[in-house]
Amino acid sequence: MHNKTITEQAKDLRSGKYSSVELTQAYLQRIKKHKALNCFITVTEEHALEDAKIADTQLSAGNAKLLTGIPIAQKDIFCTQDIKTSCASKMLDNFIAPYNATVIENFNNAGAVMLGKLNMDEFAMGSSNETSFYGAVQNPWDTNTVPGGSSGGSAAAVAARLAPAVTGTDTGGSIRQPASLCGITGLKPTYGRVSRYGMIAFASSLDQGGPMARSAEDAALLLQTMAGFDSKDSTSVEQAVPDYSAGLNNSLEGLKIGLPKEFFSADLNNDIATTIEAAINEYRKLGAEVKEVSLPNMKLAIPAYYVIASAECSANLSRFDGVRFGYRCDNPADLNDLYIRSRGEAFGAEVKRRILMGTYALSAGYYDAYYIKAQKVRRLISEDFNKALSEVDVLMGPVSPSTAFAQGEKTGDPIEMYLADIYTIAINLAGLPAMSIPAGFVDNKPVGLQVIGNYFTEARLLNIAHQYQQVTNWHQQTPQGFE
Amino acid sequence: MEWETVIGLEIHAQMATKSKIFSAASTAYGAEPNTQACAVDLGFPGVLPVLNQEAVRMAVKFGMAIGAEIAPYSVFARKNYFYPDLPKGYQISQMELPIVGIGYLDIEVDGKTKRIGVTRAHLEEDAGKSLHEDFHGLTGIDLNRAGTPLLEIVSEPDMRSAKEAVAYMRKIHELVRYLDICDGNMQEGSFRCDANVSIRPKGQKKFGTRAELKNINSFKFVEKAINIEVERQMDLIESGGTVIQETRLYDADKNETRSMRSKEEANDYRYFPDPDLLPVEITDELRKQVKADLPELPTAKKLRFIEQYGQDGESATILTSSRQLADFYEAVIKESGCEAKLCTNWVTGNFLGAINKAGLDINDTPISHQRLAGLLKRIADNTISGKIAKQVFDVLWESDATADEIIEQQGLKQITDSGAIEAIIDKIIADNPKQVEQYLSGKDKVFGFFVGQAMKATQGKANPGEVNKMLKDKLK
Chain D
-9 MHNKTITEQA KDLRSGKYSS VELTQAYLQR IKKHKALNCF ITVTEEHALE
41 DAKIADTQLS AGNAKLLTGI PIAQKDIFCT QDIKTSCASK MLDNFIAPYN
91 ATVIENFNNA GAVMLGKLNM DEFAMGSSNE TSFYGAVQNP WDTNTVPGGS
141 SGGSAAAVAA RLAPAVTGTD TGGSIRQPAS LCGITGLKPT YGRVSRYGMI
191 AFASSLDQGG PMARSAEDAA LLLQTMAGFD SKDSTSVEQA VPDYSAGLNN
241 SLEGLKIGLP KEFFSADLNN DIATTIEAAI NEYRKLGAEV KEVSLPNMKL
291 AIPAYYVIAS AECSANLSRF DGVRFGYRCD NPADLNDLYI RSRGEAFGAE
341 VKRRILMGTY ALSAGYYDAY YIKAQKVRRL ISEDFNKALS EVDVLMGPVS
391 PSTAFAQGEK TGDPIEMYLA DIYTIAINLA GLPAMSIPAG FVDNKPVGLQ
441 VIGNYFTEAR LLNIAHQYQQ VTNWHQQTPQ GFE
Chain X
1045 MEWETVIGLE IHAQMATKSK IFSAASTAYG AEPNTQACAV DLGFPGVLPV
1095 LNQEAVRMAV KFGMAIGAEI APYSVFARKN YFYPDLPKGY QISQMELPIV
1145 GIGYLDIEVD GKTKRIGVTR AHLEEDAGKS LHEDFHGLTG IDLNRAGTPL
1195 LEIVSEPDMR SAKEAVAYMR KIHELVRYLD ICDGNMQEGS FRCDANVSIR
1245 PKGQKKFGTR AELKNINSFK FVEKAINIEV ERQMDLIESG GTVIQETRLY
1295 DADKNETRSM RSKEEANDYR YFPDPDLLPV EITDELRKQV KADLPELPTA
1345 KKLRFIEQYG QDGESATILT SSRQLADFYE AVIKESGCEA KLCTNWVTGN
1395 FLGAINKAGL DINDTPISHQ RLAGLLKRIA DNTISGKIAK QVFDVLWESD
1445 ATADEIIEQQ GLKQITDSGA IEAIIDKIIA DNPKQVEQYL SGKDKVFGFF
1495 VGQAMKATQG KANPGEVNKM LKDKLK
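Just so you know, the sequences run in chain order D and X. If you read the first sequence in the numbering used here, its first letter stands for residue -9, the second for the next number, and so on. If you read the second sequence in the numbering used here, its first letter stands for residue 1045, the second for the next number, and so on.
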């Protein structure tokens, strides 16, 4: 049953083929068996089985909801009441939130069963899941490589069939890049589509939660549960949530695809370029028209992003001061000592680096040169996308410039690591929705195709992904040893 | 050398919203520490601020009342600094685009009117409170106040004396209470101010270096703090020193200011727009609504009282000093239908006297406007004399009875039957031949004796006018 999609599992649960308790147990066993992947920070076994029991009662009573009885795992960035939420940081190793994130509430209301909390880069800062306080996550396609990040535990768990579907968050590519590196389907929604309440903030103007699953069809069910206006999040958008499954089978005849030439420059690995071109050919066969477009300011995305995201994170992470919750150093001599040692001892190197960069960028005398300039660049990038998307329906290109790289390969060079997000970051700056769809393999490692749409066109993106998944089977491949 | 003082004030007025500016927690004062702080106020991970629209309305109201530009688009920013009673490590405030722009306020000092510019007013959240006593060398933190909405009202450096500064502060205090946007309670910290003080040689255009006096929470202390600071700066400069830009604390016990931190030690607050909050847009719709809700403002009301009720400036100032008092006064006029003069005398005299003596707020008056009007009616229609009315007033203050009930129960009705009065007067004249003789021989003062006797005999119930007239007739 662990090889089925949640669409199939929901059907099986309703027909009584197996129970939610059985399904949940199957996943809990797999999680134990593949502990070495290090996908989970917390496994909520008891909790999950209790919820599964309740789900079974509801299923047999015939009042099941969209996800009743379906086991889901949550990125450990979403606050869960009475269950540890660490954000993969020593700082929050002891933190238990007294509230649920809105996303968690939404899953509870839809009847989902939570298997546990997934590993990630510390505070979602990283592209390889190597900054986690709880250790790196292995990519099931090659356990010597990284699963990508920051939602690395999420992507690896779905790829290894430790959970049928999971949540991720994406600030600069954190859903799409690990989805690409692990060969699963991931969607970063339009900024404001999914509530950020209870999702521990990295960079507030860029963070967005989204689904990660085996197929577009499953992602649609998850997004249906996650999306919606939330009065607790001022940046969530008050706009009706469409039925994401309704249009999955719509024809792609006449779909206009734009290929930003900046995505296909010399920097792109040849084999990946070939894979992406093959995927685009599939779309041609499905009736799409393809033309080249340009995003002239793309090259400025990474520097602008690292100013804005760092600036926001430097303030967002100030609340971790050892005073009210989280890590506190032993025997602080005075207030400054409390701050310096609590933060110094509990934050990892990458988090510190970004706090330093952000603090610098906001400092008197530098603010205009960095923060204001970066905001201007951000506007230019948005305008580029608006222009391109006025000519075509969607943009396509690679998600990542490389396939999964070796553990430790880039940890010594932050710039090299930041470049892993070269094709994803601009989309966050513009606030657009985008997907990563499994599109093939290079040296037995998955390659993802990125599809970028206009604001609030998630339903169309899912339709585009689903149609591709009807004529290809890349998304159904399972890494060896995890069948 | 002759010096000129230059003062600008930053006033923090707590907006009288029920809940906090970015959370649903209550703003009520005086609760057990940390019982009115929710996850948002505590700055827990993942929580988000949601702007209280009522606070926005109140700020707009203030802006309109001082004739200021209301920004159609204003932005909340994060002011970053670490302090244990600042849970998020930043305060949500407004920096570049405040909600209220340039406005003004007229103050009166020594009978002269002076216009004071208001540079801006912006919304922000208050921090919590650090409690250094009672914790055996440790610091306790109470976050009940964290997230309370504040309007920071920044003046131009237009004031030239401590007296002017106090007049301005009082005027703002009166205004925010009029607008019902702040309870003005200075002891509870709902209204406090920082004063920027500098001096310069008279005639010099350039401002001197200023010191900022922090967190002064009474009118008296503002005056004292400024005066002592001005003295300090003069002494310093005259003895060859220079004033440095710094933040100073006023110590009321020692009546001195002392340095908290210099400009060099000052924080770099690294303001930037808060990405958790959308820019605040003030629609024409809201503008219209607030404008329609705007009460008559103190200055306009004062002029109207002088005009409409024939008041002198002093009475009008007293009666318009708070909206509640002005409303009470006008309600008494309306309810009683009496002449304004009688109402003015009674409200400013006996009534306010009793209120002030009891240390009460007008809202807590034991005598409603209806009951006071009931009393005035009986004075106006001569049922009781002014003197008896004072007696009735005292009973009104102590009981729930109406004036009519008190007059009835205590038999205080004025004797207007001239036959009865005549009989009493005849008897007094007959019983006091010596005094009659004195009076007739030209000792006018003795007339008072007869009036006194007559009032005494009637227990004050005789109409004094009638008694006077009759005595004069009889003693011719």
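Any given hint could be a false lead.
To be verified - No more than 20 Å apart at the CA atoms, straight line, and that leaves these computed lysine to aspartate or glutamate pairs for EDC-like:
| id | chain 1 | residue 1 | chain 2 | residue 2 |
| --- | --- | --- | --- | --- |
| 1 | X | Lys1489 | X | Glu1510 |
| 2 | X | Lys1062 | X | Glu1098 |
| 3 | D | Lys22 | D | Glu473 |
| 4 | D | Lys366 | X | Glu1048 |
| 5 | X | Lys1173 | X | Glu1140 |
| 6 | X | Lys1207 | X | Glu1098 |
| 7 | X | Lys1258 | X | Glu1309 |
| 8 | X | Lys1158 | X | Glu1218 |
| 9 | X | Lys1264 | X | Glu1282 |
| 10 | X | Lys1246 | X | Glu1098 |
| 11 | X | Lys1123 | D | Glu279 |
| 12 | X | Lys1431 | X | Asp1405 |
| 13 | X | Lys1173 | D | Glu473 |
| 14 | X | Lys1421 | X | Asp1438 |
| 15 | D | Lys222 | X | Glu1098 |
| 16 | D | Lys363 | X | Glu1140 |
| 17 | D | Lys222 | X | Glu1325 |
| 18 | D | Lys222 | D | Asp257 |
Bear in mind the hints are in silico, worked out from the structure with no lab data behind them. All figures in this text were calculated on a predicted structure; none of them were measured in a lab.
To see whether the hints hold, each was checked on the structure:
1. For a cut-off of 20 Å, the pair hint linking X/Lys1489 to X/Glu1510 stands: about 19 Å separates their Cα positions.
2. Taking the CA atoms of X/Lys1062 and X/Glu1098, the gap is near 9 Å; set against the 20 Å cutoff, the hint holds.
3. For the suggested pair D/Lys22 and D/Glu473, the alpha carbons sit about 15 Å apart, so the restraint of at most 20 Å is met.
4. For a cut-off of 20 Å, the pair hint linking D/Lys366 to X/Glu1048 is broken: about 46 Å separates their Cα positions.
5. For the hint linking X/Lys1173 to X/Glu1140, the alpha-carbon distance of about 27 Å lies beyond 20 Å, and the restraint is violated.
6. Pair hint X/Lys1207 plus X/Glu1098 does not hold up; C-alpha atoms about 34 Å apart against a cutoff of 20 Å.
7. A threshold of 20 Å between alpha carbons decides the hint, and for X/Lys1258 with X/Glu1309 the separation of about 16 Å falls inside it, so the pair holds.
8. For the hint linking X/Lys1158 to X/Glu1218, the alpha-carbon distance of about 17 Å falls within 20 Å, and the restraint holds.
9. Among the hinted pairs, X/Lys1264 with X/Glu1282 is inconsistent with the structure: their alpha-carbon atoms are about 27 Å apart, more than 20 Å.
10. For a cut-off of 20 Å, the pair hint linking X/Lys1246 to X/Glu1098 is broken: about 45 Å separates their Cα positions.
11. Among the hinted pairs, X/Lys1123 with D/Glu279 is inconsistent with the structure: their alpha-carbon atoms are about 50 Å apart, more than 20 Å.
12. Note on X/Lys1431 and X/Asp1405: the hinted pairing is violated, with a Cα-Cα distance of about 26 Å set against a maximum of 20 Å.
13. Our distance criterion of 20 Å between C-alpha atoms is broken by X/Lys1173 and D/Glu473, whose separation comes to about 58 Å.
14. Distance restraint check for X/Lys1421 and X/Asp1438: the Cα-Cα separation of roughly 16 Å lies within the 20 Å cut-off, and the hinted pair is therefore satisfied.
15. At most 20 Å may separate the alpha-carbon atoms for a hinted pair to count; D/Lys222 and X/Glu1098 meet this at roughly 17 Å.
16. Distance check on the hinted pair: D/Lys363 and X/Glu1140 sit about 16 Å apart at the alpha-carbon level, within 20 Å; holds.
17. Restraint check for D/Lys222 and X/Glu1325: satisfied, since their Cα atoms lie roughly 19 Å apart, inside the 20 Å limit.
18. Annotation: proposed proximity of D/Lys222 to D/Asp257 is violated, straight-line Cα distance about 42 Å (limit 20 Å).
The structure does not agree with the numbered hints 4, 5, 6, 9, 10, 11, 12, 13 and 18 stated previously, though it agrees with the rest.
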